[in-house]
Structure formats: C-alpha cells, structure tokens
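Sequence lines, in order, name chains A and B. Taking our numbering, I'd label the letters of the first sequence as residues 1 to 188. Taking our numbering, I'd label the letters of the second sequence as residues 189 to 376.
Just so you know, not all the hints are guaranteed correct.
Simulated DEER-style distance windows between Cβ atoms [stated by the list, open to error]:
(1) V253/B x T43/A: 47 to 57 Å
(2) A263/B x A64/A: 20 to 30 Å
(3) D40/A x A327/B: 20 to 30 Å
(4) S110/A x S373/B: 35 to 45 Å
(5) A263/B x R21/A: 42 to 52 Å
Please keep in mind that the hints were generated in silico from the structure rather than gathered at the bench. None of the values given here were measured: they were computed from a predicted structure. Even glycine gets a Cβ: it sits at the ideal position worked out from N, Cα and C.
2 protein chains.
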Amino acid sequence: MARWQPDARGRLAAAAFELFRERGFEQTTVTDIAARAGLDKRTFYRLFGDKREALFSGGEQLEAVLVKAVTETGAGPFEAVVAAFRLVADEIFADRLELVRMRQSIIASSAELQERELRKMSSLTAAVAAALRAKGLSATTAALATESGVTVFRVAYARWVAPDSDASLADLIAEVAAELRTITSAPG
Amino acid sequence: MARWQPDARGRLAAAAFELFRERGFEQTTVTDIAARAGLDKRTFYRLFGDKREALFSGGEQLEAVLVKAVTETGAGPFEAVVAAFRLVADEIFADRLELVRMRQSIIASSAELQERELRKMSSLTAAVAAALRAKGLSATTAALATESGVTVFRVAYARWVAPDSDASLADLIAEVAAELRTITSAPG
Numbered sequence: 001m002a003r004w005q006p007d008a009r010g011r012l013a014a015a016a017f018e019l020f021r022e023r024g025f026e027q028t029t030v031t032d033i034a035a036r037a038g039l040d041k042r043t044f045y046r047l048f049g050d051k052r053e054a055l056f057s058g059g060e061q062l063e064a065v066l067v068k069a070v071t072e073t074g075a076g077p078f079e080a081v082v083a084a085f086r087l088v089a090d091e092i093f094a095d096r097l098e099l100v101r102m103r104q105s106i107i108a109s110s111a112e113l114q115e116r117e118l119r120k121m122s123s124l125t126a127a128v129a130a131a132l133r134a135k136g137l138s139a140t141t142a143a144l145a146t147e148s149g150v151t152v153f154r155v156a157y158a159r160w161v162a163p164d165s166d167a168s169l170a171d172l173i174a175e176v177a178a179e180l181r182t183i184t185s186a187p188g
Numbered sequence: 189m190a191r192w193q194p195d196a197r198g199r200l201a202a203a204a205f206e207l208f209r210e211r212g213f214e215q216t217t218v219t220d221i222a223a224r225a226g227l228d229k230r231t232f233y234r235l236f237g238d239k240r241e242a243l244f245s246g247g248e249q250l251e252a253v254l255v256k257a258v259t260e261t262g263a264g265p266f267e268a269v270v271a272a273f274r275l276v277a278d279e280i281f282a283d284r285l286e287l288v289r290m291r292q293s294i295i296a297s298s299a300e301l302q303e304r305e306l307r308k309m310s311s312l313t314a315a316v317a318a319a320l321r322a323k324g325l326s327a328t329t330a331a332l333a334t335e336s337g338v339t340v341f342r343v344a345y346a347r348w349v350a351p352d353s354d355a356s357l358a359d360l361i362a363e364v365a366a367e368l369r370t371i372t373s374a375p376g
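Could you put the whole structure together from the sequences, leaning on the hints where they help?
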C-alpha cells in the first residue's frame with residue numbers, strides 16, 4: 001500500500017473486489033474490506049454507504065471520462081458517443097475482464113443489484129446527453145445519440161464478458177456500431 | 189360497470205387511475221380503489237400485490253401486442269420493432285394522453301417507481317428480443333434492433349407527453365426513427 005496520500009475510496013474498492021473474488025460477495029463483510037484496505041469501517045460507510053455500493057465504485061470515473069470525451073470531440077453526436085465508449089473500453093475496462101465477469105455474476109444474482117445497475121446506467125446516460133446538449137444539440141438528437149451509443153456499448157459488453165469471447169471490448173464496440181448502422185439504414 | 193363476466197384486473201386499474209387523478213397517488217388507498225371498482229381489497233392484492241403495481245397494469249398487454257407484431261411481420265428487425273411500437277401507439281396510447289401524463293408525473297415523484305419502470309421496460313425489451321431471436325436472428329442483431337426501437341419509442345414518448353406537444357405518438361415514432369437513421373448513418 002502506498003505510504004503517500006492514500007486514495008481511500010480506490011483502496012476500499014480494490015479490497016472489496018479482491019475479497020468478493022476470494023470469498024464471494026455474501027461472505028464478505030464491511031469489516032473484512034476495511035481491514036484489507038488498512039482503514040476503518042466508519043471510513044467505508046462514509047464513502048460507500050453500504051457494501052453493495054462498492055460494486056459501483058467505478059461509475060463516477062466512467063461518467064467523467066465519457067463526458068469529457070464527448071465534450072472535446074468534433075465528431076457527430078453518435079460517433080462521439082461511440083468513440084467515448086471505445087476510449088473507456090481501452091482506459092478503464094481492457095485489463096479487467098476477470099473482475100468485470102465476477103462483478104456481472106454478482107449483480108445477476110440479485111434483483112436489487114440489477115435495479116441499482118439500471119439506475120446507475122440511466123444516470124450516466126443522462127450525464128452524457130446533457131454534455132451533448134451543452135454543445136448545442138437538440139434534446140432529441142442528444143438523447144438518441146446517447147441512448148444508441150449506450151445500446152452499442154451494452155451489446156458489445158455482453159459479448160465481451162461472455163465465456164467464449166476473445167475480442168477486445170474496443171473492437172467489439174466498433175463492430176456493434178457498424179451493425180447498428182446496417183440495421184437502422186433505410187430499407188430498400 | 190358491465191354486468192357480464194367482469195374483468196377484475198381492468199376494472200381495478202381503471203378505478204386506480206381515476207382516483208389517482210382525483211385525489212393524487214399518495215392520498216388514494218387500496219380500500220378506495222377496490223370500493224370504486226365494486227370489488228374487495230383481497231382481490232386487489234391478489235391481482236396487483238401493491239398499490240404501486242396498479243401504475244404498471246398495462247405492461248402485459250403492451251408486451252403481448254409488441255411480441256405478436258414483431259413475430260408476424262416480414263420487415264427487417266429494426267423496422268419490425270418500430271412498426272410494433274407505432275401499432276401500440278395507435279392501439280393502446282392514442283386516446284390516453286392525459287392518463288399517461290398523470291402516470292408519468294406520479295412515477296417521476298418516486299425513485300422506487302422509477303426503478304420499477306426501468307425494470308419493467310427491461311423485461312419488455314427482453315421479451316421483444318426473444319421474439320426476434322425466435323425468428324432466427326442472432327442475439328446481437330435482436331438486441332440491437334430491440335434496444336434501438338425502445339430508444340426511439342422512449343424519445344418519441346417523452347416528446348409526446350411534454351406539455352406543448354400536439355403530434356400523435358405514432359407520427360413522433362416515425363419521425364424519431366428517421367432521425368436515428370440519420371445520426372447513425374456512416375460519416376463522410
């Protein structure tokens with residue numbers, strides 16, 4: 001553990017995932033997590049509220065990177081959202097496939113966690129759409145580009161975490177975006 | 189109230205919406221709803237589980253109409269989903285704008301109801317995607333076509349329930365689908 005300014009939130013999240021992997025989600029207590037991170041329970045509760053929230057610790061970083069990427073690009077709205085997701089695929093997800101698979105299986109085991117995941121995704125979508133509106137796009141265009149980009153990400157992500165997958169998440173996003181273009185292109 | 193075979197579920201749902209509109213959601217009790225429908229509380233609880241569930245009573249009909257429509261059409265997957273939503277726009281939503289607006293404002297008032305709405309929409313999406321897979325489409329194509337169609341519906345629906353809207357939901361769906369085609373079409 002680094003001896004300089006500790007990132008308590010990051011250390012607790014990392015400790016939580018280590019323990020969830022070693023012992024399972026239900027068998028891990030907040031006391032265990034705090035001890036592994038070299039911090040106290042009070043700090044955990046202050047930063048996360050509850051044990052389940054540790055599963056969603058990456059959400060703020062994800063949102064910040066996406067919002068920055070769509071804000072700074074000159075690409076069209078849908079391209080901007082797809083490119084932003086390819087960026088987080090490389091920067092945040094690429095080296096964490098096992099962690100992501102474990103997280104998915106924990107979330108799949110609980111209706112409450114699935115609802116929390118949906119709500120987090122809905123809030124992330126709202127933040128990205130707001131960033132597009134701030135660039136002068138209409139509410140409709142911003143919502144369509146964002147939700148279509150999120151759809152591409154979700155479908156690519158589901159393929160990436162599937163047991164038999166070996167493509168990178170960034171490549172899968174590009175592939176799924178191309179397929180979306182094909183199926184939405186005007187008929188005839 | 190019809191004297192022949194009563195549709196208890198439909199009567200209770202209609203009574204619930206009448207009372208929600210007259211008194212507000214919080215001020216309406218299950219006893220009130222059952223009395224208005226000429227039924228007893230036990231029947232309400234057997235059919236709905238709780239008061240909130242009365243807000244989601246149309247979900248099964250919506251899902252059944254969508255699944256039937258995408259199953260029976262020969263159109264491409266995205267066109268099929270968009271056409272199915274235009275069908276429910278005409279058959280289920282068209283005459284109910286005030287009811288839908290009231291329902292939206294009740295749901296917007298509670299995080300728990302928003303989560304339930306997201307979960308219901310997620311389950312409806314899964315049913316439509318399964319209907320497309322049953323026609324021989326790949327999981328990726330089925331998911332993309334369904335989620336893109338749901339996006340189009342959600343964006344059109346948000347415009348339809350907005351206070352200053354006067355277009356029909358079916359027309360808005362067609363318009364938003366056309367815009368989705370435009371923004372996802374390959375750049376350059």
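Hints, verified against the model:
{"no.": "1", "hint": "V253/B x T43/A: 47 to 57 Å", "in the structure": "holds (52 Å)"}
{"no.": "2", "hint": "A263/B x A64/A: 20 to 30 Å", "in the structure": "violated (41 Å)"}
{"no.": "3", "hint": "D40/A x A327/B: 20 to 30 Å", "in the structure": "violated (46 Å)"}
{"no.": "4", "hint": "S110/A x S373/B: 35 to 45 Å", "in the structure": "holds (40 Å)"}
{"no.": "5", "hint": "A263/B x R21/A: 42 to 52 Å", "in the structure": "holds (46 Å)"}
Violated hints, listed in ascending order, are 2 and 3; each of the other numbered hints is respected by the structure.
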